[in-house]
Amino acid sequence: MILKVAAVAAAALALAGPAGACAHPKTSLSYLEGQIMCPTCHTTLDMSEAPAAQQIKAEISKRIAQCWTAKQIEDELVGNFGQGILAAPPHKGFDLLAWWLPIGAVLAGAAILAVGVWRWSRTREPDDDPGLDPQTEQQLDELLARLD
Amino acid sequence: MSRTLKLTGQTIALAAVAGLLGLLVWRLTHQTHAPKIGAPAPNFTLRRIDASGKLDLASLRGKPVVINFWASWCVPCKGEAKMLEQAWQQYRSQGVVFVGVDYHDVTSDARTFMSHHGITYPIVQDGSGMTGDAYGLTGVPETYFVDREGHLVGTHIVGTITNQAAQFRSGIQAALNQ
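One line per chain: the protein sequences are A and G, in this order. If you're matching positions, the first sequence starts at 1 in our numbering and goes up one per residue. If you're matching positions, the second sequence starts at 1 in our numbering and goes up one per residue.
Chain G on its own, in the form it takes in the complex (with noise of 0.2 Å):
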C-alpha cells in the first residue's frame, strides 16, 4: 500500500515537473521575432474601420504595400497623419497600397483621429496586438514596405516617418522596384 502511494506521489511530481517543462518549452519555441528585411511579410485578417468587411493582407500580392502601425492616443501618429495621407495621394497612382494599422486603441477614438486628419486609405483595427506582435512591433508608430511578391523591403522605419523622409520614399521605392 505504501509502495503504491509513494509511486503514485512520485508520478504526479514527475508529471507536474514534464509539464512546466513543456510550458516553457513551448513558450521559448513560440515567441515571437521581428521579420527580417527580404522575408514574407506576417500575413494578417483584420477588420476594417474605415468601412465594412474585412482586409487580408495576402489580396494585395502583387501591389507594393507600406504599412503604418498607429494609435489614436499616439502623440507621435499625429505629426505624421499628414504626410502619410500626402504620400498615400501621392502614390496611390503607382499602385502603392497603404494600410493603416490601429493597434490597441478604442474604435470610436481611432475613428474620429481619421476624420480629423482626413484619413482616406484603408485602416483595420489590430486590437489584440496580435498583428503587431507578429511584426515585432517596439512601439508606434512604425512603418513597413512590402513588395509585390508579400517580402519586406526597404528599411522598416521606427518613429514618425517626418524626421525620416528620406528613409520612407526610398522604402516606397524599394516596394515598387522589386
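Just chain A, same shape as in the assembly (with noise of 0.2 Å):
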C-alpha cells in the first residue's frame, strides 16, 4: 500500500513538470520590456539588445516562470537597480508630480485659452457699419447701370 502510494506521489510529481514551472503566468516578458529601463542604455528593454538588458531580459523570464507577479518582479529589480529602472515613475510620494503636473499644465492651458476666447468675444467692436445711404446707393446702381 505504502509503495503504491509512493508511486502515485512520484508520477503526480513527475507530471507536474520542472520545479518552479508556472502553469499560468501572471505578467509577460512583453509587459514588463515596456515598464522596465535598461541601465546602460537608457531605453526600455523592448528598445535594447544591450547586455544589460538582456540579462534583465532573461531574470524576468525566470521570475515568470515560477509566477512572480509584475509588481514584485518590478520590486525586486528597484531593490537591486534603484528607482532609475522603472519607465514610469511611481502612483506615489512625491513621484506623483511627474503624472499630476502635465495635467494640470494641459488644463491650466485650456482654462486660459477658454478665459482668452470668452474675453475677445466679449470685447469685440460691435458692427456698427450704418452701409450706404439711399442717395449714395442710388448714384452707384446708376453708375453701374451705365456700365453694363
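Rather than coming from a laboratory, the hints here were simulated on the basis of the structure.
Calculated Cβ distances over 10 Å to all of chain A for the following chain G residues:
| id | residue |
| --- | --- |
| 1 | Lys36 |
| 2 | Tyr91 |
| 3 | Gln178 |
Derived DSS-like pairs (lysine-lysine); straight-line CA-CA distance at most 25 Å:
| id | chain 1 | residue 1 | chain 2 | residue 2 |
| --- | --- | --- | --- | --- |
| 4 | G | Lys78 | A | Lys62 |
| 5 | A | Lys26 | A | Lys62 |
| 6 | A | Lys71 | A | Lys26 |
| 7 | A | Lys92 | A | Lys71 |
| 8 | G | Lys78 | A | Lys57 |
| 9 | A | Lys57 | A | Lys71 |
Beta carbons: idealized from backbone N, C-alpha and C, even for Gly.
Could you use the hints to bring the two separately framed chains together as a complex?
Listed below in C-alpha cells is the structure:
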C-alpha cells in the first residue's frame, strides 16, 4: 500500500513539470519589457539588445516562470537597480508630481485659452457699419447700369 | 479686471520660464565629471554582495585600494577576473585592498560570476550606477587606484587589465608608494 502511494506521488510530481514552472503566468515578458529600463542604454528593454538588457530580460523570464507578479518582479528590480530602472515613476509621494504636473499644465492652458476666447468675444467691437445712405446707393446703381 | 488677468498670465509665464532656467542651471552645475588623478576618490557606501553589511570606501583610509568596476553581463570582465584574483592574492600581504564594484547588475548573476571565477575580495553592488557616474565611468571594466590618503593615483585603466598589465602593476605600485 505504501509503495502504491509513493508511486502515485512520484508520478504526480513527474507530471507536475520542472520545479518552479508556472502553469498560469501572472504577467508577460512583453509587458514588462515596456515598463523596465535598460540601465546602461537608457531605453526600455524592448528597445535594447545590450548585454545588461539581455540579462534583465532573462531574469524577468525566470521570475515569470516562477509565477511572480509584475509588481513582485518590478520590486525586485528596484531593490537591485534603484527607482531609475522603472520606465514610469511610481504613483506615490513626490513622484506623483510627474503624473499630475502635465495634466495640470494642460488644464491650466485650456482654462487660459477659454478665458481668452470668452474675453475676446465680449470685447470685440460691435458691427456698427451703417452701410450706404440711400442717395449714394442710388448713384452707385446708376453708375453700374451705365457700365453694363 | 483685464489688467489683473494679463498681469497674472505674465507672472505665470515668467515663473515658468524662470523655473525651466533654474532646472537647466541645476543640471549643468550637477553634471558629474570624471575625477582627476590626484583628486580625492569619490566616496561610496555600498551593499556588499560577497558578505552581509555595507562597505564604506572611507573606512579603508590608510590602505592602498584597487577599485575594479565590473558586471556579470560584461564579456571582457570574465577575461580579467582570474588576473584580478591572482593580483589580490599577491598584494594583500602588502596591505593592498581590492574592491570589486558590481555595476548595473542582477545580484544572483553577480554571485554566480563570483563563484564561477573564485573571487574572494570584497564585492559591493552599484545597482543604480551612481557610484560609477561619480567616477565618470564610460563602461566596464574600468580600474582605479587609490592611495593611503584616499587620492586617485596612477592611470585609471579603461578596459581589461589583461591587455594593460604593466599599467595595472604600476597603478598598484603608485598606490603603495604614495
